[in-house]
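Asks: Read off the chains here:
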Amino acid sequence: MLKGKMVQGCRAIAETVSLCRPKVISAYPITPQTLIVEELASIVADGGLETEFINVEGEHSAASLVLGASATGVRVFTATSSQGLLLMGEVVFNISGMRLPVVMVNANRSISAPLNIWTDQQDSMIMRDSGWLQMYAENNQEACDLILQAYRIAEDHRIMLPVMVCVDGFVLPHAFEVVDVPSQQEVDAFLPPYKPLYRLDPDKPYTMGAFTEPDKYMETRYMMQRTMEAAIPIVEEVAREFQRAFGRASGGLFEKYRVDDASTVVIALGSMGGTLKDVVDELRGKGQKVGVLRLITYRPFPQEALYEALKGAQNVVVMEKAISVGSSSPVASELRSVFHGRPSSPKISAFVIGLGGRDVTVDDLKVAVAKGQQGLTDLDFVGLRTDLELEGVNA
Amino acid sequence: MLDVKERDKFADHLLASGHTACPGCGQSLAARLVVRAAGRNVIIVNSTGCLEIFTSKYLESAWEVPWIHSLFENTAAVASGVEAALKAIGRLDKVRVIAQGGDGSTFDIGFGAISGMFERGHDILYVCYDNEAYMNTGIQRSGSTPHYARTTTSPPGRVSLGNPLPKKDMPQIALAHGIPYVATASVGYPMDLDRKIRKALSIRGPKYVQIHVPCPLGWGTEPSRTLDYARLAVNTGLYPLYEVENGVTKVLRIPRRAPVEEYLKGQIRFAHLFGKEDRTKQIAQIQKVADDNIQKYGLLGK
Amino acid sequence: MKITLGTVTPPGGSRVNKTGAWRTSVKPRFLQQKCVACNLCALCCPEGCVFGTGQRTYYANEDFCKGCGICASVCPMHDIEMIPEATEDA
Chain A
-6 MLKGKMVQGC RAIAETVSLC RPKVISAYPI TPQTLIVEEL ASIVADGGLE
44 TEFINVEGEH SAASLVLGAS ATGVRVFTAT SSQGLLLMGE VVFNISGMRL
94 PVVMVNANRS ISAPLNIWTD QQDSMIMRDS GWLQMYAENN QEACDLILQA
144 YRIAEDHRIM LPVMVCVDGF VLPHAFEVVD VPSQQEVDAF LPPYKPLYRL
194 DPDKPYTMGA FTEPDKYMET RYMMQRTMEA AIPIVEEVAR EFQRAFGRAS
244 GGLFEKYRVD DASTVVIALG SMGGTLKDVV DELRGKGQKV GVLRLITYRP
294 FPQEALYEAL KGAQNVVVME KAISVGSSSP VASELRSVFH GRPSSPKISA
344 FVIGLGGRDV TVDDLKVAVA KGQQGLTDLD FVGLRTDLEL EGVNA
Chain B
323 MLDVKERDKF ADHLLASGHT ACPGCGQSLA ARLVVRAAGR NVIIVNSTGC
373 LEIFTSKYLE SAWEVPWIHS LFENTAAVAS GVEAALKAIG RLDKVRVIAQ
423 GGDGSTFDIG FGAISGMFER GHDILYVCYD NEAYMNTGIQ RSGSTPHYAR
473 TTTSPPGRVS LGNPLPKKDM PQIALAHGIP YVATASVGYP MDLDRKIRKA
523 LSIRGPKYVQ IHVPCPLGWG TEPSRTLDYA RLAVNTGLYP LYEVENGVTK
573 VLRIPRRAPV EEYLKGQIRF AHLFGKEDRT KQIAQIQKVA DDNIQKYGLL
623 GK
Chain C
3 MKITLGTVTP PGGSRVNKTG AWRTSVKPRF LQQKCVACNL CALCCPEGCV
53 FGTGQRTYYA NEDFCKGCGI CASVCPMHDI EMIPEATEDA
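Protein chains in written order, with this note's numbering: chain A, -6 to 388; chain B, 323 to 624; chain C, 3 to 92.
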């Protein structure tokens, strides 16, 4: 248990995972997830967690191993980043389609090629169609809190879908922060043992992973879609229970910072939300009515709640560390569809920032916010270097 | 609808009737024999392939034991997870884990995961049903396809004589991992197969059993002669039957030696070697594979 | 009919599928004359539809028999013949 201790993010995350008592853990090393798994390994090696901790030969196998263990009825954990998440992509869809409540921490990292180990959110964005819930942490305290809530949400019989907790790579796991990690007793009270609906058991045999013909497949996706919709109030419910149990607000659909009377609202996911709060304070000091809405639950996409929160704004400025190459950026695209067909819509501008781990500075953000306030922008790369020749584009 | 008496008779068939395998499918028979030898206290992890498709249509499962299918290449990894979970909840001593798949899944796409599972020492029996091609997707060449065999992706033609590559020696690769039990078997010798499965399941640690199973459709053989062709493969020496338990090799001596022609000429996948052109050189190469096996494994005794 | 979470399927449901309807040319006739109850026919049937409880009692359940002929080929006493599908039952 850590109370108000300065600790490296990976350690706090590992201790929190350990408190959730997963019976099987399997992962494959990839920067910047490595430290989390290493901390877990040392906790296990010191007898701090009774679990089967299995080093595998690749991420596809890591995800497959936790799939098999989850199907056998036990709580599991895995973690990855970037290329690893892509490599296990097939299994990611398999896990959600099989309705297994796996919890994964994804240390957000950029996508090759070119190879780049630093943080952006392209990797988890690629999995937005997978049927996993996705929650993004601003800081390590929230990362730990979201892990506890993730197991509650995933294993809820009304949901039974896997949850991906996203933490900005390096920025969170490698950084030192003051974090409260609860006691085992507190976690046990909040997170009861996992009760599977179906499991592999000779005493009650089931066939899992049956194939369906066209006459039944569509219904399985409909079921997942409806479950995702039903998950929105459950995510809020779990956040409220978390607050009752641990005394702090954490998780939920999004965090509103000075949004209610704002004429310009900035949208962001993850640690960038923290920097934006500083930007907002500075601009408010100059008399601008700006706010930041930090989206925590990206899947399911909380359409109605976002509509209510943003309908009063004139400008919405979406800052994303991801891009759907050939189209716009993911969150901006989805946010625009929230307002489609409504009586009015704010101008929703899309900015891409910080790809490949490029620093997201207060100055960059101020420039982008100003641009978004001036007029509709799509798709702007914030801080694009002008001193480089780009073959095929300007050279 | 079956009456109660009939249903009771079926009750000990852990792979139920009504599965949609082709008539005479060697793999369906082998799978029945494997689960029969394993009994009810088993969890089976199955890769994508013929066996998975013909036994696990939603609501029409042929399996009477707990069974899971995930993907094509991750069977050994999923099985590792099942085994780890059983270990974590203290049930691994009572419940056995079998991972099974075809040669495509085993020799090729699932190779890495199998190697990892062997290397980590999981208590899992891996069964490979070897019909020497990707049959479920329409008879394409795999790493197990023998030299000169016709498949849709290695067809004979004006400038080709069929599969130009030798069969990968998967049992030897399994042995190289130092696992406690490796065996080859044939659906043509069902009691030997049964014995090897029971033997494997009595051993703790990773095990590999590879079962030769003719595919009437893919090989172009008569369904009624599935066991005959399986036996011929053994009797020519092309499919040596041996088992290695903790480094000690035991071999099934060839009951009745046959020249490779006797095995090859009834199969449409080798018919191009018996046409108008003289293919004695190619047949001799296949005979050499058989002869080398006979010598290497001592298949004719001392 | 219910679609379960993850298409989890109960065991043994395949028996609704009467694969005997697949037969087009031949079916087995168990002569029950020279049978010594070696059980090879029952053991080697890929459908698991051959049954017997002693010498000269073996038969194939025609609801499931696909007519592959393995039983006839494996019987060491040649006590099983494959006869035309249209033959009336004795």
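Rather than coming from a laboratory, the hints here were simulated on the basis of the structure. Beta carbons: idealized from backbone N, C-alpha and C, even for Gly. Some hints here could point you the wrong way.
[Claimed, not checked] Which residues of chain B face chain C? A partial, calculated answer using Cβ under 10 Å:
id: 1; residue: Ala338
id: 2; residue: Glu382
id: 3; residue: Ser383
id: 4; residue: Trp389
id: 5; residue: Phe433
id: 6; residue: Gly434
id: 7; residue: Ser437
Asks: Does each hint fit the structure? Answer for all of them.
Replies: Okay, the hints, checked on the actual structure:
1. A hinted interface residue such as Ala338 (chain B) counts as satisfied when its beta carbon comes closer than 10 Å to some beta carbon of chain C; here the least separation is about 5 Å, so the hint holds.
2. Here the hint on Glu382 (chain B) is kept, as its CB sits about 5 Å from the closest CB of chain C, short of 10 Å.
3. Interface hint at Ser383 (chain B): satisfied, since its Cβ lies 5 Å from the closest Cβ of chain C, which is below the 10 Å cut-off.
4. Taken as an interface hint, Trp389 (chain B) checks out: its beta carbon lies about 8 Å from the nearest beta carbon of chain C, inside 10 Å.
5. The beta carbon of Phe433 (chain B) is not positioned within 10 Å of any beta carbon in chain C (closest approach about 27 Å), and the interface hint is therefore violated.
6. Checking Gly434 (chain B) against chain C by beta carbon gives a least distance of about 26 Å; that is not within 10 Å, so the hint is violated.
7. Annotation: Ser437 (chain B) was flagged as interfacial toward chain C, and the flag is violated, the nearest CB pair being 29 Å apart, outside 10 Å.
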